[in-house]
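Trainee: If you read the sequence shown in this note's numbering, its first letter stands for residue 1, the second for the next number, and so on.
Be aware that a few hints might be false.
Derived DSS-like pairs (lysine-lysine); straight-line CA-CA distance at most 25 Å [as the list claims (entries may be wrong)]:
(1) K3 to K66
(2) K63 to K4
(3) K3 to K63
(4) K79 to K66
(5) K4 to K99
(6) K79 to K122
(7) K66 to K4
(8) K122 to K63
(9) K96 to K3
(10) K122 to K4
(11) K66 to K122
(12) K96 to K79
(13) K79 to K99
Just so you know, the hints here were simulated from the structure itself, not pulled from any lab data.
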Amino acid sequence: MNKKIIIFTSLLLGTLLIIGLLHAGFLFARNPDVDYRLLLLGYLINFAMALGIYSAMLYFAEKQNKNLGFLFMFGSTLKFIFYFLIFDPIFMLDAKLTKVEFFIFFVPYFSCLLVETFSLIKLMREIDHQ
1 MNKKIIIFTS
11 LLLGTLLIIG
21 LLHAGFLFAR
31 NPDVDYRLLL
41 LGYLINFAMA
51 LGIYSAMLYF
61 AEKQNKNLGF
71 LFMFGSTLKF
81 IFYFLIFDPI
91 FMLDAKLTKV
101 EFFIFFVPYF
111 SCLLVETFSL
121 IKLMREIDHQ
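Throw the hints in and build the complete structure from the sequences for me.
Mentor: Here it is in structure tokens:
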């Protein structure tokens, strides 16, 4: 289990660093007045939640639980709840959601979702071959 967590964490961190740097560079080139603390918060929250979700999936995979897909969907729902609890109130202070604000949360969300999906597929294949 520890090896899988290390591999997942490395893959997730590497992906988010590359995407995050590209994202920040793009934002800086187009609109240097962006609050980069919110951008960092978006990446950190998504990283932590993806790591927690994958850890939970590993735990249940060890118990030979075949409901990992439902756990994955629950984790995605949980991420949306965090968006509406943390980010939406901040973004709606001016009563409008801009494209920049939307992508501050959803670029890291979709990046994490991609890594989580491929990792879940790999994990389920390993379970099937046991």
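Trainee: Does each hint hold? Answer for all of them.
Mentor: Quick rundown of the hints versus the structure:
no.: 1; hint: K3 to K66; in the structure: holds, 21 Å
no.: 2; hint: K63 to K4; in the structure: holds, 16 Å
no.: 3; hint: K3 to K63; in the structure: holds, 17 Å
no.: 4; hint: K79 to K66; in the structure: holds, 22 Å
no.: 5; hint: K4 to K99; in the structure: violated, 36 Å
no.: 6; hint: K79 to K122; in the structure: holds, 22 Å
no.: 7; hint: K66 to K4; in the structure: holds, 18 Å
no.: 8; hint: K122 to K63; in the structure: holds, 17 Å
no.: 9; hint: K96 to K3; in the structure: violated, 44 Å
no.: 10; hint: K122 to K4; in the structure: holds, 11 Å
no.: 11; hint: K66 to K122; in the structure: holds, 14 Å
no.: 12; hint: K96 to K79; in the structure: holds, 21 Å
no.: 13; hint: K79 to K99; in the structure: holds, 19 Å
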